[in-house]
Amino acid sequence: MRSNKMHDRMRTVADGAATGLAVLATILVVAPLIAVFVYLIYKGASSLNVDFFTKIPKPVGESGGGMANSIVGSAVLLSIASVLGIPLGIGGGIYLAEFGRGTRLANAIRFTADVLNGVPSIVMGIAAYSLVVVPMKHFSAFAGGVALAIMMVPTVTRTTEEMLLMVPNSIREAALGLGVPNWRSVLSITLKTASPGVITGCMLAFARVAGETAPLLFTALGNQFWSVNMNREIAALPLQIYIYALSPYDDQHRLAWAGALVLIVLIVLAVSLVRYVASRGILKGAS
Amino acid sequence: MKVTAPLSDIRIRKPETISAPAAVTPANTQGEANKVAGEFRQPVSPEVSEVRRFLIGRGNSAIADRAFGGVMLACAASIFGIVLLIAVELVKQSQLSWHKFGLPFFYKFNVDPDTKVPLFWDPVNGSFFALPFIYGTLITSLVALLIAVPLAIGVAIFLTEMCPRFLRGPLSFFTELLAAIPSVVYGLWAFFVLVPLLRLHINPILMQIFNNPATVKLFGWTGLVGEDGLFGGVNLGLGLLAAGVILSIMILPIIASLTREVMTAVPHSQREAVLALGATRWEMIRVAVLRNARIGIVGSIILGLGRALGETMAVAMVIGNTAQISRSLLSTGHSMASVIANEFSEATSDLHRSALIEIGLALFVVTILVNGLARLLVWAVTRGTPARVA
Amino acid sequence: MGVGIEVTNLNAWYGANHTLQDINLPIPANHATALIGPSGCGKSTFVRCLNRMHETNPIARVTGSVRIGEIDIYANASPVEIRRRVGMVFQRPNPFPTMSIYDNVCSGLKLNGYSNRKQLDEIVERSLRHAALWDEVKDDLKKKSGASLSGGQQQRMCIARALAVDPEVLLMDEPASALDPVSTSKIEDLIFQLKSQYTIVIVTHNMQQAARVAEKTGFFLNGRMVEFDSTHKIFTNPSDKRTEDYITGRFG
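Protein chains in written order, with the numbering used here: chain A, -11 to 275; chain B, 93 to 482; chain C, 7 to 258.
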């Protein structure tokens, strides 16, 4: 009898200990991460001013200036990446959801896309370097855009597929039953129904790629001045943050914090939007 | 039994009268009799409406459909194309280094005849060996896993089994956010906050614990303590430990959220069955959830490892950027990814660049294998529902 | 005006599953024909063979012939062309959620390239009147989304949508089974009105519905058509014992 009671008590103790450890782990993780987050926002906000968005960097040693050229440069790079990557990604997602569903080919493509998502982005940078920079014999915004586009395709493919799969089959049947050609049904009915989700999926890919530095290190290279020339080096926000962080000048550190905050805000917006659309559901008001 | 139906003798039930709809007559143009086989008669005025004529005129869309399907397939196949492209370009550019050094690139090294110091990476003399970077990658990833895995699993258990409902949403939102923050931002914080923190507060304590004479006397035989041990040498703050810590912070959200996904995939019936036998909550978790999900949990750990292996910017900013192998975690070093990031744009020769790209190729192959394995494991547990990872 | 359907030696498979066996059936023009039978007997599969919708499943296969009017739908035409002439109403209303009521009703035309604005207005009104829905929605045609109507209204809108392409045959797969009794009776009255202009084939679980609405009825069992006769005969004096057992509720 006594050993039974002790055993039971030990089980209760073990249960309590496990709960305590789990809670402890959560606190150990969440508290510092919140602190990091808050610190980033604080440092960034205190360094952020209007000049940040409108001026280009001052020569080394002078104070003031901003990262306007980096923001514009990032915009150029992201535009190139989006133009190249998003259509391929959406097309791929359409294939996976509407044509190849259940086939072995589709499974292989999906698996490959997931694996590709885990490849370090610097490898994409090397590939773009070899593909674009070497033949052109110089660095360029275009090369950077290609590197980023390569990263966007698997992500957009998967999110598009997920969103399309959420469209109920009854709607596809309704369209086909009317004698609407398959291509028209996929584009005008299925894709249109899923479009809020597909668009936010693209935004998420966009935001992720906006913060990537490694693929740009030897493709776009960075630029101290205003430039929107696709054929030349171009500045980019994350790239500039990296360079400034390692520079010896406090002023440039200040700019780096501000730039980091801009990136964080972009990420927060994108993630929030994705969750909002996901929670509202694909079908507005449908039963 | 084949049944033929006599058409005569149809008795139609009297309908309740409803007002006949005021029909707008369709724009009928020509009449066209529909011939019908057999004994079925048509009512007197067969007309083909404009709508029907229009639709008949549309024809079938077989060509358009096939072309559309083909284009979509091409887009999807571009994924294969991308993998092939990367592989081809990497192999192409690393040919120079491969032909010069061969496979020993990855495990041999020269030794300076005078000082007996191993020479790994020597751009000046054109001799390149990748061992220190492999070492750096492995050690930092190991440290990251050691820190992150227990914590991540604890968080996952808390979130799945113990978390009050109102906290669940915000916490999972926060986790998703953390997984999406760019590497360079983590690196920024690590460089300005984590490194000084380590240098000034944490490393001294570790050094005190590991290097004091008492510990050395007791544990000197392990080789892990003292001046040549895990925490020996100079304390710069920068180094393998700093890289390991920031990596652990970065992979924690991924491991936690994936573990949560595989734990949630365990059906409730399993949990209830164990509870019905009188188990405590922890026993239920251990027996019903963790045991069933363990394959998936291993998968998510491997996925975290995959991320750690390839992480570039944050590591490059705190690892100290030297090509050496040292037992001490406080020493500086390089990972495979960080050396490429650091040296590529200023590579001094084609051979130098080629050697760096060869390291990139190795990184590519390794991360594909690791991620492939991890995805297989996670899929096996969540049964094919595509696992979504930021 | 509707056309008759002649089904000869129709066999259908889903993969290895022989779902329909040797169906022979003449469906008269401008009448309503009901198909009854227990769950899983193949009546839905049969109806989906009439507009080649079963082909949307990649493992489906069909042999035999189905002539609608003078056209053998398997030999002489593509599925897309057939479906424009054979309309279908499904068990659960499936309006297009991103479209207004107006756009829903004329979607079969617009998505096939029809663009004459004025005609579309007329066609939408006519179709909604035929579906007995016009008075209820005429003020909100473009403002309300198709999915915001009640269940019964949505189904009538789906009927209007099917009618707008002016089909010759209207297939209805248990159109009222997901609806409340009031909506059901409205739809039954609708079918009664429509059958003078279209050939209607209605699958139903509800024997009373078949008796109320259709002139001819076919009884399906285990993939075969057991008996096909006038509704009156089927329900008062069936020739086959199995039909009698089903009618009297001994199974199914």
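Hints listed in this document are in silico derivations from the structure and should not be mistaken for laboratory results. Any given hint could turn out to be false.
[Unchecked claim] Only pairs whose alpha carbons sit at most 30 angstroms apart, straight line, appear in this in silico DSSO-like list of lysine-lysine: (1) A:Lys180 with C:Lys239; (2) A:Lys180 with C:Lys148; (3) B:Lys208 with B:Lys309; (4) A:Lys180 with C:Lys150; (5) C:Lys247 with A:Lys180; (6) B:Lys192 with A:Lys125; (7) C:Lys124 with A:Lys180.
Problem - Which numbered hints fail - result: 1 and 5
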